[in-house]
Structure formats: structure tokens, C-alpha cells
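Participant: Sequence:
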Amino acid sequence: MAMFITLFVVLVGVAVSELVARLVPKVSSTYFNLLIGILLATWSVTNKYIPSFDNDFFMIIILAPLLFFEGQRTQIFQVRQRLNQILSTAGILAIVSAVLITIILPNLFNIMLPLALIIVAISTPTDATALESVISGRSFPSTVHEQLTLESLFNDATGLILLQAGIIWWQTGHLSFWQNAGSLIYSAGGGAVIGFIVALLFTHKILFIY
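Numbered by the numbering used here, the letters in the sequence shown go through residues 1 to 210 in order.
Source of the hints: derived by calculation from the structure; they are not laboratory data.
Please note that the accuracy of each hint is not assured.
Label-pair ranges, simulated between beta-carbon atoms [as the list claims (entries may be wrong)]: (1) I101 x L23: 29 to 39 Å; (2) V12 x A181: 24 to 34 Å; (3) L175 x L19: 21 to 31 Å; (4) T143 x G182: 16 to 26 Å; (5) L19 x W178: 45 to 55 Å; (6) F4 x I104: 18 to 28 Å; (7) Q78 x L201: 19 to 29 Å; (8) H145 x V20: 41 to 51 Å; (9) L160 x L35: 20 to 30 Å; (10) V27 x R73: 18 to 28 Å; (11) Y31 x S52: 16 to 26 Å.
A quick note: this is a predicted structure, and the numbers were derived from the prediction, not measured.
For every residue, glycine included, the Cβ atom is placed at its ideal position computed from N, Cα and C.
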């Protein structure tokens, strides 16, 4: 029964935020969703019905379906045409930006380097759903939109490896560059191979090499 009440409270909150967003089309609905979520979490009447954050539940039930549907909407020939740009943006640009900002942040806010890397890793990956929410109702260059959408499907591995490196650096006081680079290649390459095989199985287009 508690789960149904929780679901009802969350759905009502989403419905209210979407209704308010329609009344103010120039402001992204994401901001209203965040505001309603904060109100539900801080108001004593509804707070008791909001469950505590569960990382595994979020990754499997919410994040995985979002990534799946975003990937399903993406046409494979677009990925092939822009593969070099995608890899340079999701990999090289993300890593170079993370290194530079990690060096700059401690000087600006007087924080430790590992903590700076953790903050950068959390904010580095572009999310396709968040991108659509932020630019909703606004004019945005189509080429930049397409590039960010395609890049967002590949940059999670970079962000997760950077986050893992930052956490290990924070806990041990050591940063292992080559180990983290190997983990990135392993995660990205393994994910690409497994994703390709699963996609072939789902579309019933299994290739046989004689």
C-alpha cells in the first residue's frame, strides 16, 4: 500500500509541474519538476511518502530505460557519419576539459584535487533527456543539438571512469592514470561490442562469416 501512495504522490507532483510548465512555455519543465520535487521532499505531509534514494533502483529502473529509448531513437547511419566527432567529443574533449577544470577549481574554491575531479566527473556527461528538457521551447542550432545528442549516448563511460578515478584518488591519495585509461577503454569497447551483439539479436539480423 505504501508503494502505491508513493507512486500516487510522485505522479501528482509530475502532473502539477507539467501543468505549470505549460502555463510558462519559455521556462523548461525540468526546473518546475525540480521545484516540485524539492517541495514534496521538504513538506512534512508528503516527505514521509518519499522513499530514500536507491542507487541500484535508479540505475536499473530509471536510467537504463532512458538510455535505451534514446539509443533506439538514434539512427545508426548518423552514428557512422559522425563517429570521429562523437569519439573526440565524448572522449578526448571530455577528458581534456576534466583535467583543465580539475586543475582550475582548487584555485578558485580552495578544494582538494580529488574532490574537484569528482565534481567534474559528475557534471561532464551530457544527458540526451536533460538536453531536450533544457532547450524545449527555445531556438537551438540543429547541428549542435545533433552533435550533443549523439555524444550523450557515448560519454557515460568517460564520466563513470572519471568518477571512479576521483573516488579512488580521494580514498587512497593516489591517482593511477594508466589503470584508469585501461578501464575506460575496457568499458567503452566492451559496451560497444556487447551493445552491437545485443542489437543484432533483437533485430534478428545475425551476421554469419563463412
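Participant: For which of the previously enumerated hints does the structure constitute a violation, in increasing order of number?
Facilitator: Result: hints 2, 3, 4, 6 and 8 break, sorted rising.
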